[in-house]
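If you read the sequences in order, they're chains A and B. All letters in the first sequence, in the order written, are residues -18 to 51 by my numbering. All letters in the second sequence, in the order written, are residues 219 to 562 by my numbering.
In case anyone wonders, no lab produced these hints; they're calculated from the structure. Errors might be hidden in some of the hints.
[Claimed, not checked] Label pairs and their calculated CB-CB ranges: (1) Ala390/B to Gly44/A: 19 to 29 Å; (2) Gly44/A to Arg382/B: 12 to 22 Å; (3) Gly289/B to Gly44/A: 31 to 41 Å; (4) Arg525/B to Gly44/A: 14 to 24 Å; (5) Gly44/A to Asn465/B: 16 to 26 Å; (6) Gly44/A to Glu250/B: 14 to 24 Å.
These figures come from a predicted structure and were not determined experimentally. Backbone N, C-alpha and C fix where the C-beta goes; we use that ideal spot for every residue, glycine too.
One-letter residues, chain by chain:
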Amino acid sequence: MKTYLIGLTCLVVICIAMNANFQIRFDSDKSEITLGNIEALAQGEAGNGNCWFYASVDCPYSGDKVLYVE
Amino acid sequence: MKRIYTVVLIGLGFTLTSCNATAHTEAVVFPETISLQGEEKAIPDSVYLRYPFRVRLQDDILYIMDIHTSGYYIHSFTQKDMRHIASLAHRGEAPAEFLGTENIRIDERGDVWTLDANKSKIVKLAKQIDGQPVQINLDKELIRTLDFDRLNDSVFIVPDYTGRHRISFVDAQGGILKHAFQIPSSTEKESPIVLAQAWRSFISYNPNHGILAMATQLGQVIEIYDLKNERVVERIGLDEGAPWFENRGGYAVPTGIMGYSDIHVGQEHIYALFWGTSFEEIRKRPEDHKEGGRYVHVFDLKGKPIRKYVLDRHITGFHIDEVSGKMIGLDVNSNQPVVEYVFN
């Protein structure tokens, strides 16, 4: 019983560590990048949603090309 | 008791380890993957490209479209040394000006065509500054036409937001000649306009063999149509790659991934530029997001996956030259956005 609990704890710790490692590598890749020529905006409001940042997705509310829609 | 703990332990192990591996599910498997290194082509002149999105090469002249310009939407350069030649399609509300451009098409005579979705018109741009452009006002039945290609000298192919048909054919006066095909969604109860927004696609047509291909921006679906025989050739990725969206007040809000952003139908293959970034990731950290895709998916004309190119940087649009085996890409994240790849 005790052995299994120790084993279970070890497995959880290993999995958390693996996940953290994955997250750190992912984050460090992203830290080197910039959004370059894109500027922030908050337009395309249509009562129930917004579109954010100039990019290439068509804002369904306004027709602007944006980064994402909410 | 021990057996129960063993089962729980193994199950937990599988669950936790599999969480790390499911960042994205590929809707298509390619038999070959090739990495490509790009070569930057510096623009020496002081032409500022804010968000270059389309590039075309014709007779050694490179045309680049900037969708977030404050001046001109299209600039031409000499391919050899990237010298600036001219700027076309001025932003503005005057009759001859543009409120946006969606794509560039160049005809056999070297004339440059573009589409202004906000003004609902297709325009042949004047070669001279004092020349008059040819403007084609699109039929009012079409809602927000977001891409176009030339079927022949006098007919254009356009998708739009009505959602009742996949594409429409319009004549040189902008009138609708006919419609063809349907949005391949299994969500039948959804509003057609919302479906059309979610299935917003980029198109490319090759008149030599009559193949039209469409690539979803908000999913991972490639549709291939044989326009000469008016038949569906293949729809790739329909099961796993269909766009994810929510209908919020009659608008399609994308909730899945940024899929394809450019497509080219060549003589033997179809090339599609794939991003694969989830909107969840983009929303969480927009300042760290890199615009563009690093994957060029290659299919044969029947839709069979051939290979995947993995690029050394993210690009938003491309020009493919199958004969020379070269690709010109646009890296919006760089101050020198023009990048050349050799793939043959």
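Hint check results:
For Ala390/B and Gly44/A, the hinted distance range of 19 to 29 Å is satisfied, since their beta carbons lie about 26 Å from each other. Between Gly44/A and Arg382/B, the C-beta spacing of about 20 Å keeps the proposed range 12 to 22 Å intact. Between Gly289/B and Gly44/A the beta carbons are some 20 Å apart, a value that contradicts the proposed interval 31 to 41 Å. Look at Arg525/B against Gly44/A: about 36 Å separates their beta carbons, and that is not inside 14 to 24 Å.
Between Gly44/A and Asn465/B the Cβ separation comes to about 18 Å, which falls inside the hinted range of 16 to 26 Å. Between Gly44/A and Glu250/B the beta carbon distance is about 40 Å. The supplied range of 14 to 24 Å is therefore violated.
Checked against the numbered hints above, the structure violates hints 3, 4, 6; every other hint is satisfied.
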